[in-house]
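Novice: So you can see what is in the structure, the chains are spelled out below.
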Amino acid sequence: MAADPSSSSTGQHAFPPENSRQTATMSGPLNPRDERRPPPMQRAFNRQVSLGSGVTVLGMDRGGRNGGGRGQQRALPRSGRSLGVLNHSGALGQAAGDGGARRGDFSMFRTKSTLSKQNSLLPTRIRESDLDLPTHVEDQPVGRPAPAEDPLNKSVPAGRYFAALRGPELDEVRDYEDILLPKDEVWPFLLRFPIGCFGVCLGLGSQSILWGALAASPAMRFLRVTPMINLALWVLAVAVLVATSVTYALKCVFYFEAIRREYFHPVRVNFFFAPWIAAMFVTIGLPRAYAPERPHPAVWCAFVLPLFALELKIYGQWLSGGKRRLCKVANPSSHLSVVGNFVGAILAARVGWAEAGKFLWAIGVAHYIVVFVTLYQRLPTNEALPKELHPVYSMFIATPSAASLAWAAIYGSFDAVARTFFFMAIFLYLSLVVRINFFRGFRFSLAWWSYTFPMTTASLATVKYAEAVPCFASRALALSLSLMSTTMVSLLLVSTLLHAFVWRSLFPNDLAIAITKDKQNGAVRPNARGKRASKRVHDIKRWAKQAPLSLVSSITKSHSADKEEEEKTE
Amino acid sequence: MAADPSSSSTGQHAFPPENSRQTATMSGPLNPRDERRPPPMQRAFNRQVSLGSGVTVLGMDRGGRNGGGRGQQRALPRSGRSLGVLNHSGALGQAAGDGGARRGDFSMFRTKSTLSKQNSLLPTRIRESDLDLPTHVEDQPVGRPAPAEDPLNKSVPAGRYFAALRGPELDEVRDYEDILLPKDEVWPFLLRFPIGCFGVCLGLGSQSILWGALAASPAMRFLRVTPMINLALWVLAVAVLVATSVTYALKCVFYFEAIRREYFHPVRVNFFFAPWIAAMFVTIGLPRAYAPERPHPAVWCAFVLPLFALELKIYGQWLSGGKRRLCKVANPSSHLSVVGNFVGAILAARVGWAEAGKFLWAIGVAHYIVVFVTLYQRLPTNEALPKELHPVYSMFIATPSAASLAWAAIYGSFDAVARTFFFMAIFLYLSLVVRINFFRGFRFSLAWWSYTFPMTTASLATVKYAEAVPCFASRALALSLSLMSTTMVSLLLVSTLLHAFVWRSLFPNDLAIAITKDKQNGAVRPNARGKRASKRVHDIKRWAKQAPLSLVSSITKSHSADKEEEEKTE
Amino acid sequence: MAADPSSSSTGQHAFPPENSRQTATMSGPLNPRDERRPPPMQRAFNRQVSLGSGVTVLGMDRGGRNGGGRGQQRALPRSGRSLGVLNHSGALGQAAGDGGARRGDFSMFRTKSTLSKQNSLLPTRIRESDLDLPTHVEDQPVGRPAPAEDPLNKSVPAGRYFAALRGPELDEVRDYEDILLPKDEVWPFLLRFPIGCFGVCLGLGSQSILWGALAASPAMRFLRVTPMINLALWVLAVAVLVATSVTYALKCVFYFEAIRREYFHPVRVNFFFAPWIAAMFVTIGLPRAYAPERPHPAVWCAFVLPLFALELKIYGQWLSGGKRRLCKVANPSSHLSVVGNFVGAILAARVGWAEAGKFLWAIGVAHYIVVFVTLYQRLPTNEALPKELHPVYSMFIATPSAASLAWAAIYGSFDAVARTFFFMAIFLYLSLVVRINFFRGFRFSLAWWSYTFPMTTASLATVKYAEAVPCFASRALALSLSLMSTTMVSLLLVSTLLHAFVWRSLFPNDLAIAITKDKQNGAVRPNARGKRASKRVHDIKRWAKQAPLSLVSSITKSHSADKEEEEKTE
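Residue numbers (the working numbering), protein chains in the order written: chain A, 2 to 571; chain B, 2 to 571; chain C, 2 to 571.
Isolated chain A, as found in the complex:
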């Protein structure tokens, strides 16, 4: 334990420490110039060697600049290029055929069958059908990861994401982590297209519903909103949804491995609910003038069934208690996996299947209580929750608003239950609004769009409330909330267009999917080795710069479990 401090802050999985042991003994003699990277299996090991021997190699590396003698060794290129780029001459390298991947090797994220059959177009449907498969992966014995035959073949464990990534959306790679793909070149577009893009559809779809309600609601008639806004927004929402879906389907065909990694990402997995919710939003927001009295129930089935299957899977993961148990993975975006039930219930009421709506509402409320209590408790095991407030907290508003709307839609009146949920949403809204640092200091990303739909849903619920309790206060509240949400959406729209066409930075490299699977494979923990190294090689000071204190304290429990197992394996 004290002998090998390097393996101490290890996220939450116990990795076979034999590797690090070997590393320690081999670090002296084994420092060959690795101009030709070995094939992936061996590569992982070598990479680890160089990191294990840490200081020496890197010291060597910078030696030339520092005028030192033993300066023949090449630097570990900390740009992250090392793994992806040098692969090029490696075993997997020959498969690299994508246009944009001349230098980096992106083939590791390609769909497996594409690799073998080269360009056999898989049906888009593969994603849904595969979502049920990975059960077997998590059913492996806890604490012992599968032997890493292929760094991509197996799913990345949930704790690995927490260990390697940071930020409330777990979308930034920690400084001391290497990633599999080159950081300094632009990846293929599809690889840079995250599931979070469906957030745009959520935002636009809910806006179109809101403006439809503003135009049609008797309580807001004084505004004289034209239904044209609804129509325009609806068309835009449909267009974006179609475009996003097609693009993501293409990603599914060509880079299915990347999608698997998104699926195992503790935050992103919740966004897999977004396409279906967005589709339901679009159906609900259908402009009245051009819509039939009620949509056909088949529409409901088409959108709810995949959502339901995904729920069975995700809630089962929470309950069955592996690495993805709720007290580990709960984070504000978990609300997304609950809110779908309520949206589905609203749609069910719209198509006339009230009982189906009640079914979804019951599922929703049961899991909402669980998620709400868990998030409020802020269990210490819960590593995902950032201390700072962040747009993602707006998710807290979405679920009670939707629950309120759904109850009113199913049972036909905005009664005590609907009001209770509505007022909960209003209070949570308020408690976020009064916090001044709310939207500050965070990098824009497309995922922000998802944080607008809770505001829109709350506005929508307020409109319904204003119908039930028509008075000045309720109308003023509905109006101001609607304005806030529309302002936010407009701001985001402008930001998105700016990023897309002016700064051309709408789709940055999606680093989160390219983390290495094992910590040995790409990470030197900065607390022990890194510290010592920095005394000698001041160029890698930045490793220690952001010593992940918060990570360390949050993962201590699992850490001590690791120690335990290390002792045993010794």
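These are computed hints drawn from the structure, not numbers from a lab. Among the hints, erroneous ones may be present.
What the hints assert, rightly or not - Selected chain C positions facing chain B (in silico; Cβ < 8 Å):
no.	residue
1	Tyr377
2	Leu380
3	Phe424
4	Val435
5	Val470
Cβ coordinates follow ideal geometry from the N, Cα and C atoms, glycine included.
Starting from the known structure of chain A, arrange chains B and C on it as the hints suggest.
Specialist: Chains B and C alone, transformed into the frame defined by chain A:
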């Protein structure tokens, strides 16, 4: 800490480490041939000595029989006979008078007064009255176990059960644990008759209600079910309930200590609710043709009062935060301690005491929320929950189904609340059914019967739902769920009969009640000492074979608390 | 880690271990006789040195008795006088001008502006406005306390209270802790006037409501209670409320720092809700004969707005997950921060703002579920909960009773929801009553008054229930509960008067606010150093006497986090 790794993975109680210290120093010189076992207090110590010094002492012990010097040491006889059998000539041995206990000493589990007065028949009522007594035991200061004067006098701490047992029902003894009774002979029948046998009554009682409902419900009239099935099942259920009750009452009279151990078992304690629930099932399932309009409220009192007293006790344990606090002991069978409220509420509605039913319903729902959230969160402190799915998970279905039925019975209509709980049950049912490994790979035991009553309750709730919403889908659902539950009950009935009369293995030795009280008393932790020992005696290699990795990781928190206290005691 | 065991059981904050390191090296040479204490900033360090070098100094000290050579040093006066008294000649000492503070230095708790401007009377409103300020304090990076420039300037971290205090109300200082003020003299009255005094207003206010209801309720008409009791109690309640408010306002003016410390106290912070709840009680309890039909809504605003602002702050702390996250600070008195919503809802119904009442009810029930589940689970991180039962547990009854009353008041009928909450309260009441050690073995304090209002609220709810279900049982229950609560209030009234006028011990020194901010500043942890010291100096044996076993085991998790960080800082 590093000096004494043997006391490191100690379940969750700190034991005074002086013992192990003494052990270490005394193991050399103190190896007398203990052909006459000392009285229990001292025995515990000697046993501990022998385990501390591992192989050596027990080898000595058997040395006489093997006739050898110190070279021919025999392996630790892992049959577990050591403790129980050698007792025979010990202090407790002379009391062994039971028919089947010629070789093992079962007297330690006999009722205390029986031991002293020999055969003074205690009134059966003793169990209930005693259930309130052990309060004082848990009120002891945390972390410091009572001085072990008599290995049976004191209750076994909750953590001890988690440490010594495994399996989702905590009914299998870990490999490295010794038990107090001989494993290789058949124990007296009463000792092999666990509280889980009341599960049969639960299963049959609920089936008789179901068939009564199928016969009487207007929604299911198309089936033309004869009320005779109800009658037959009811008679069977009553017969089994009476037989089980009488048998268990006898166990209570003769082996009260065994019952105390079942009461302290974190899973079994929930089954103490089963007799009363089964009795209420039988009352509710009374065939209409032969029953009065409504049973007398005294019946309700007779069954609900003991259940209520038990609830006051158990919920108080959860809340007051000792070793049996909820976040430690919560497991799917905890639902059993909640579902009684709802069944009691149904019976209250049947006897006409709606307000009493509402009272029970309120208690039930408050604790159901707590249990549901706790189980869903899968807190890391929660050691009881197995990773794998298991029939015991069907308990999740029971409570919402019963809550739904109870609400409908009390408030007279299957309204929004009843539907919400009903749909929750259906979703949980579905989420278990889609998991394919559900009923596979587990040894049959009588406790399985308890896992049928949730299915039956869900079917019953579906029948009620079909009455409220008479359509094809609801009837089909009611029919299929009823068939599933009846099929399951039939399968279990056949299995039970096969086990009872063909394989004669219906009542295996109930190892779970015979675990030693202290870990020193019967367990060598396999990680430190066991490892070292195995270098010398390769016959005990299998100790290390199943190094309880999962145990270790789950108890790490308490482990570090132990370390803390060891440091202090040093 | 093993090198410095003294910093191992450190509550839950990591303190820069450089200090203890320095301490270790300096302990040899640096042992001057500190007859003149240095100014506070330096004092903290020196104090720490003497404690860090622990053994040496104290060994010296007793050296005379032990016959040692360098034994001229004075003992560390463990009376706690050291810090406060010797300050007198220190930097802050010159500000000591209060009448009662001739020997102790109480100026450190004075309002900052009073210190500088001397007697500039701050407006009383300062308290509320300041309650929103300390956000920035908790927003500091976790695990790294602010540099301790001024021992009072910064807020005391939440974990510090748990580490230094004990008892279910966290009002007793642990034996090994020093405090900032002298223990052996009487402090200024205002410093001894805790926020808990508002409990008296809660108790009397709710009693006056109860007797009003007993006089007016048709269900209890058979008692023929005269409304005069209501009037008398109401006048008394108003008088006490005014007196308490004025006194506390004075404390706010003169000793604002003491109030800040109460605000950061994990138990006391909940009592900051008490003034507003008490005011609402008084408004609700206004005798009917002299009251207008309904109070003006402005009254509601005046009392609810500060409560609401406080809620936004406190619930935000729970959610945003710093040191004051819910799973850390939850304790039975947290119910006080929830119950205000329901009382506010009742008042809202009284003034005719039903929708505002529904709003408060929704906030209340959402947070009640969270608090209820959290308290029931008894998470291991939850350090505040005592194992023993205590009057504070009666808080469990308050919230469901008030929720039931509020629902009935808002929605106009004692329907299913109101009954569910009412019966929950009754069950919790019962489960506390059957526990015999309930009110035994605890020192009387004014805070006990707060524990009477739950009983009164439950009685009140029972009276309402008896109106809804008029039968013998409900009336008998209402009568007996009312008698119990009135008896309890009478007993407390007598006790209070006795303590106030006979024993003159109603306001003991409020030690809880005077704990030192850092553990180095006043605490020697008794487990490592203390133990070793006790081998040499047997006079300090009492340090080890009450080795805080329970503390140690409960804080182990945070402890290991500390270890982690120590390793890193090394």
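Novice: When the nearest CB of chain B is found for Leu380 of chain C, is that gap smaller than 8 Å?
Specialist: holds (6 Å)
Novice: Please verify that hint: Val435 of chain C, Cβ, nearest Cβ of chain B, below 8 Å or not.
Specialist: At about 6 Å, which falls below the 8 Å cut-off, the nearest Cβ of chain B leaves the hint on Val435 of chain C intact, so it holds.
Novice: Would you check whether Tyr377 of chain C satisfies its interface hint, that is, whether its CB is within less than 8 Å of any CB in chain B?
Specialist: Nearest chain B Cβ about 4 Å off; hint holds.
Novice: Grab the minimum C-beta distance from Val470 of chain C to chain B and call the hint holds if it beats 8 Å, violated otherwise.
Specialist: holds (6 Å)
Novice: Let me know if the C-beta of Phe424 of chain C comes in closer than 8 Å to any C-beta of chain B, holds or violated.
Specialist: Cβ of Phe424 of chain C sits 3 Å from chain B, so the hint holds.
Comparing the model with each numbered hint stated earlier shows that all of them hold.
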